[in-house]
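Q: Below are the chains, spelled out letter by letter.
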Amino acid sequence: MKRLGLLYLAAQNLRRKPFRSFVTIAIVGLASGTLFSATLLIGSVDRSLEVGMERLGADLLVVPEGYQESGQAALITGAPTSFYMSRSILDQVKATPGVEQASAQLFIESLLSVPCCTGRAQLVGYDPDTDFVITPWLVDNLNRPLEKDEVIIGSLILANKGEQVHFYGQAFNVAGVLDATGMGADESVFMKIDDAYQMAADSSMQAEETIDVRPGQISSVLVKMTPGTNIDQLTQRIKTNVPGTMIITANELSRSVTDRLSGFTRGFIAIDAIVWVMSLLTIAAIFSMIVNERQREIGLLRAMGASRRFVFRLMLVEAVFLTAAGGLAGIFIGGAGLFIFKAVITTSLGIPYLWPPLLTFAKLTVITLLLAIATGAAASLYPAYSSSRLEPYAAIRQGE
Amino acid sequence: MTVSGNENMIIIKDLSKTYKVGPSTVRAVDTVDLEIPTGQMVSIVGHSGSGKTTLLSLMGGLTKPSSGRVLLDGINIWNLNDKEMSLLRNMKIGFTFQFASLMPTLNAIDNVRLPSTFGDNPEADLSRPEELLELVGLGDRMHSYPGQLSGGEQRRVALARTLMNKPQLILADEPTGDLDEETESDILETFRKINEEGVTIVIVTHSRVVASRAQRVLRMTKGHLTENEE
Numbered sequence: 002m003k004r005l006g007l008l009y010l011a012a013q014n015l016r017r018k019p020f021r022s023f024v025t026i027a028i029v030g031l032a033s034g035t036l037f038s039a040t041l042l043i044g045s046v047d048r049s050l051e052v053g054m055e056r057l058g059a060d061l062l063v064v065p066e067g068y069q070e071s072g073q074a075a076l077i078t079g080a081p082t083s084f085y086m087s088r089s090i091l092d093q094v095k096a097t098p099g100v101e102q103a104s105a106q107l108f109i110e111s112l113l114s115v116p117c118c119t120g121r122a123q124l125v126g127y128d129p130d131t132d133f134v135i136t137p138w139l140v141d142n143l144n145r146p147l148e149k150d151e152v153i154i155g156s157l158i159l160a161n162k163g164e165q166v167h168f169y170g171q172a173f174n175v176a177g178v179l180d181a182t183g184m185g186a187d188e189s190v191f192m193k194i195d196d197a198y199q200m201a202a203d204s205s206m207q208a209e210e211t212i213d214v215r216p217g218q219i220s221s222v223l224v225k226m227t228p229g230t231n232i233d234q235l236t237q238r239i240k241t242n243v244p245g246t247m248i249i250t251a252n253e254l255s256r257s258v259t260d261r262l263s264g265f266t267r268g269f270i271a272i273d274a275i276v277w278v279m280s281l282l283t284i285a286a287i288f289s290m291i292v293n294e295r296q297r298e299i300g301l302l303r304a305m306g307a308s309r310r311f312v313f314r315l316m317l318v319e320a321v322f323l324t325a326a327g328g329l330a331g332i333f334i335g336g337a338g339l340f341i342f343k344a345v346i347t348t349s350l351g352i353p354y355l356w357p358p359l360l361t362f363a364k365l366t367v368i369t370l371l372l373a374i375a376t377g378a379a380a381s382l383y384p385a386y387s388s389s390r391l392e393p394y395a396a397i398r399q400g401e
Numbered sequence: 004m005t006v007s008g009n010e011n012m013i014i015i016k017d018l019s020k021t022y023k024v025g026p027s028t029v030r031a032v033d034t035v036d037l038e039i040p041t042g043q044m045v046s047i048v049g050h051s052g053s054g055k056t057t058l059l060s061l062m063g064g065l066t067k068p069s070s071g072r073v074l075l076d077g078i079n080i081w082n083l084n085d086k087e088m089s090l091l092r093n094m095k096i097g098f099t100f101q102f103a104s105l106m107p108t109l110n111a112i113d114n115v116r117l118p119s120t121f122g123d124n125p126e127a128d129l130s131r132p133e134e135l136l137e138l139v140g141l142g143d144r145m146h147s148y149p150g151q152l153s154g155g156e157q158r159r160v161a162l163a164r165t166l167m168n169k170p171q172l173i174l175a176d177e178p179t180g181d182l183d184e185e186t187e188s189d190i191l192e193t194f195r196k197i198n199e200e201g202v203t204i205v206i207v208t209h210s211r212v213v214a215s216r217a218q219r220v221l222r223m224t225k226g227h228l229t230e231n232e233e
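Chains as they are written, first to last, in this note's numbering: chain A, 2 to 401; chain B, 4 to 233.
Just so you know, the hints here were simulated from the structure itself, not pulled from any lab data. All residues carry an ideal CB built from backbone N, CA and C; glycine is no exception. Possibly wrong hints are sitting among the right ones.
Incomplete in silico selection of chain A near chain B, CB under 10 Å [what the hints assert, rightly or not]:
#1 9
#2 14
#3 240
#4 298
#5 397
Pair ranges (Cβ atoms, derived) [unchecked claim]:
#6 B:17 - A:16: 32 to 42 Å
#7 B:142 - A:340: 51 to 61 Å
#8 B:229 - A:278: 29 to 39 Å
#9 A:294 - B:201: 38 to 48 Å
#10 A:333 - B:26: 24 to 34 Å
#11 B:181 - A:17: 20 to 30 Å
#12 A:9 - B:85: 16 to 26 Å
#13 B:215 - A:395: 44 to 54 Å
#14 A:19 - B:181: 26 to 36 Å
When you get a sec, could you build the whole thing from the sequences and use the hints?
A: This is the structure we're talking about:
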């Protein structure tokens, strides 16, 4: 037969008022869950931006005037868009001092819910002769350029390498799948710009809708700056040299996402701070109540030989049990909620999202759990101390 | 039971306990001197509010005296720190109270086992709770919770718990209050057996029947302790 341990006694005590224990767990769970899911969301947006910017591979993007926002949306969330400008813009951009490389891209929205097409995607035609975004990936992963009617697809396009996808009545072979970025690239299909022009030309015969684009038109120019160039000055020069265009910089993209998140972040900080303070006060109140209710029992434990330290630890362990359970529940529910509602959240906030690496996830889990436990310990500190200072006789008599 | 080697289990010198009640001071225990030889069974009688329970609590280190000394088995207990005092209560003293003093979340056997949790005796006999529950006639109720036991059964479990760490001194405050005669008789019989093994027992009681079982009867009157002359 075993001795009774502190943990066993604490667990037995918590079972006596299941509803009260549940309320404590729920409020700590709410605080932990909010913190965990919101931090995870913000961290995932940051990671997505980091990975997405690396995938974008350009310092800035030149788009037709008036299309800055839809260009940003396409890059950030993959919202399909199409806008066109003259190919001569590419040459003007190239000629701007401070531009090291410039390459044109063509954006075409896929058709939705029609038999000819795979589904929602942003079709991007790139120029293999000047491209510095897709080509390095091809070198690293395929070790060859794209063939005619081959495409590289983003991670969210529902197809695998070797399969075929269909756009505007035309079949394309999937030569590779890009790693997830959480940004628009995940919902994009990259093809050679000549294939894109050909697809557009054939669309009048093969598709339900015609793509209204001609060779000589492009959607954007990706720019890589000469090292040492000031991005603001280059932006200004392009605006001056190339009228009718707008510039999207990588910084602007980040800022745009940050701006979209700022309201959410402020709201989250306010709500979470309130919830944490509420849980702190609730636990403190509950444990003061517990000490009051259990005065006689505490007196009896002391009469049986429990030291002040034991009583103090017993109360503290009870609080830690509850808050650890609340923390774990919050982490689980917060994580699951984010997983389930990720699409709704990212779409409504217009933000990119990429699950963090396992290590970051584990760190966040541990930090949230420790914070929950620390809250329980801090809130129960005074009640635990008071209970340990009760004079046994007085405690027994007051409990009568 | 471990029997003390000291001639006197309890020596009390000039012991007083005063309380502030509003503007006035109540002397619950007033300059009490007492010696209880080891192995004696003593009862303390007196009216309600005469200070009997307070005196018992002072003997057991449950409340601090306003003045005076309590020597338990030769140890001045109020010179001990909390850890030493807790250990002393755990190892040397067994308390029984005038109410059902069981932990509601623990079953009978866990309640009996509870005192072994606090001591640091690695040789504690962990099969003892079962023997003790058999001794008090509750061998078949080991896994019952206090709420499933009658008042008398709860008292008997509490008595078994008192004996768990083989105390040298039992301090019992109205141990048979509001119990039927049969249960009272069972409990007193258990006390008698324990006392025969050399354990010192101090019982605070209103009951003449209970008091009459003791070898010595003391009377508490308004905080003063005297030998009972009746």
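Q: Could you run down the list of hints and mark each one as holding or not?
A: These are the hints, each one checked on the structure:
Taking 10 Å as the C-beta cut-off, the interface hint given for residue 9 of chain A holds, the closest approach to chain B being about 8 Å. Annotation: interface hint on residue 14 of chain A holds; nearest CB of chain B at approximately 6 Å, less than 10 Å. For residue 240 of chain A, the interface hint is violated, since its Cβ never comes within 10 Å of a Cβ in chain B; the closest pair sits about 75 Å apart. The criterion of a C-beta within 10 Å of any C-beta in chain B is met by residue 298 of chain A, whose closest approach is roughly 6 Å, and the hint holds.
With 10 Å as the threshold, the beta carbon of residue 397 of chain A comes within range of chain B, its nearest partner Cβ sitting at about 7 Å, so the hint holds. The hint said 32 to 42 Å for the Cβ distance between residue 17 of chain B and residue 16 of chain A, and at roughly 47 Å that hint is violated. Distance hint check for residue 142 of chain B and residue 340 of chain A: the Cβ-Cβ separation is about 54 Å, which falls inside the suggested range of 51 to 61 Å. For residue 229 of chain B and residue 278 of chain A, the hinted distance range of 29 to 39 Å is not satisfied, since their beta carbons lie about 60 Å from each other.
Checked against the given bound of 38 to 48 Å, the beta carbons of residue 294 of chain A and residue 201 of chain B, roughly 39 Å apart, stay inside it. For residue 333 of chain A and residue 26 of chain B, the hinted distance range of 24 to 34 Å is not satisfied, since their beta carbons lie about 58 Å from each other. Our hint of 20 to 30 Å for residue 181 of chain B and residue 17 of chain A holds, since their Cβ atoms are close to 25 Å apart. Judged by the Cβ atoms, the range 16 to 26 Å given for residue 9 of chain A and residue 85 of chain B holds: they are separated by roughly 23 Å.
The hint said 44 to 54 Å for the Cβ distance between residue 215 of chain B and residue 395 of chain A, and at roughly 32 Å that hint is violated. The beta-carbon spacing between residue 19 of chain A and residue 181 of chain B, approximately 31 Å, falls within the hinted interval of 26 to 36 Å.
Violated hints for the displayed structure, listed by number in ascending order: 3, 6, 8, 10, 13.
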